[in-house]
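Residue 325 in the working numbering sits at position 32 of the sequence shown, and the numbers go up by one each step.
Since the hints were derived computationally from the structure, they do not count as laboratory data.
Incorrect hints may have been included.
Once the Cα atoms are required to be at most 30 Å apart in a straight line, the calculated DSSO-like pairs of lysine-lysine come out as [what the hints assert, rightly or not]: (1) K301 x K311; (2) K301 x K368; (3) K356 x K327; (4) K327 x K301; (5) K327 x K311; (6) K337 x K368; (7) K327 x K363; (8) K363 x K311.
Just so it is clear, the structure is predicted and the values come from calculations on it, not from any experiment.
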Amino acid sequence: MSECLFCKIVAGEVPSTKVYEDEYVYAFLDIDPKAPEHIIFVPKQHIGSANEISPDNSAVIAKIFEAISKVASEKGFADNGYRVVNNCGEDGGQTVGHIHFHLLAGRQLQWPPG
Numbered sequence: 294m295s296e297c298l299f300c301k302i303v304a305g306e307v308p309s310t311k312v313y314e315d316e317y318v319y320a321f322l323d324i325d326p327k328a329p330e331h332i333i334f335v336p337k338q339h340i341g342s343a344n345e346i347s348p349d350n351s352a353v354i355a356k357i358f359e360a361i362s363k364v365a366s367e368k369g370f371a372d373n374g375y376r377v378v379n380n381c382g383e384d385g386g387q388t389v390g391h392i393h394f395h396l397l398a399g400r401q402l403q404w405p406p407g
């Protein structure tokens, strides 16, 4: 069994509130939301971080962004806008060693993010 939290979520070993799922991508509500709408998108395939994206796995990253666009449209975020965030490495704020993207929406988001 993998020790990766997000692999366990994808496998159904750790509960989550699913928002979207297809062959390549799983999306669920963040348990500590930073915006009124905060959804985490992960590839079902384990990729540790953005540093591990390669020609062999980059197609799944495109699938994630396709899923983000679909969910944003279906939930009505696309009209007013939203933010997609990827944290890479310790200094980048990555806390789970499985690449993931945060979709934040539902309020005016400030820049710089902090």
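Problem - Pair hint outcome, K337 versus K368 [Cα-Cα no greater than 30 Å] - result: Holds: K337 and K368 sit about 22 Å apart, inside 30 Å.
Problem - 30 Å Cα cutoff - pair K363, K311 - result: 15 Å, holds
Practice task
Decide if the proposed pair is consistent with the structure: K301 and K311, CA atoms, cutoff 30 Å inclusive.
Solution key: 13 Å, holds
Handout entry: Given pair status - K301, K327, alpha carbons within 30 Å
Key = Holds - the C-alpha atoms of K301 and K327 are around 23 Å apart, at most 30 Å.
Problem - 30 Å limit on alpha-carbon distance, applied to hinted pair K301 and K368 - result: 26 Å, holds
Handout entry: Pair hint outcome, K327 versus K311 [Cα-Cα no greater than 30 Å]
Key = It holds: about 18 Å lies between the C-alpha atoms, which stays within 30 Å.
Problem - Restraint status (C-alpha distance of K356 to K327 at most 30 Å) - result: 24 Å, holds
Problem - K327 paired with K363 [C-alpha distance capped at 30 Å] - result: 21 Å, holds
When held up to the earlier numbered hints, the structure conflicts with none and fits them all.
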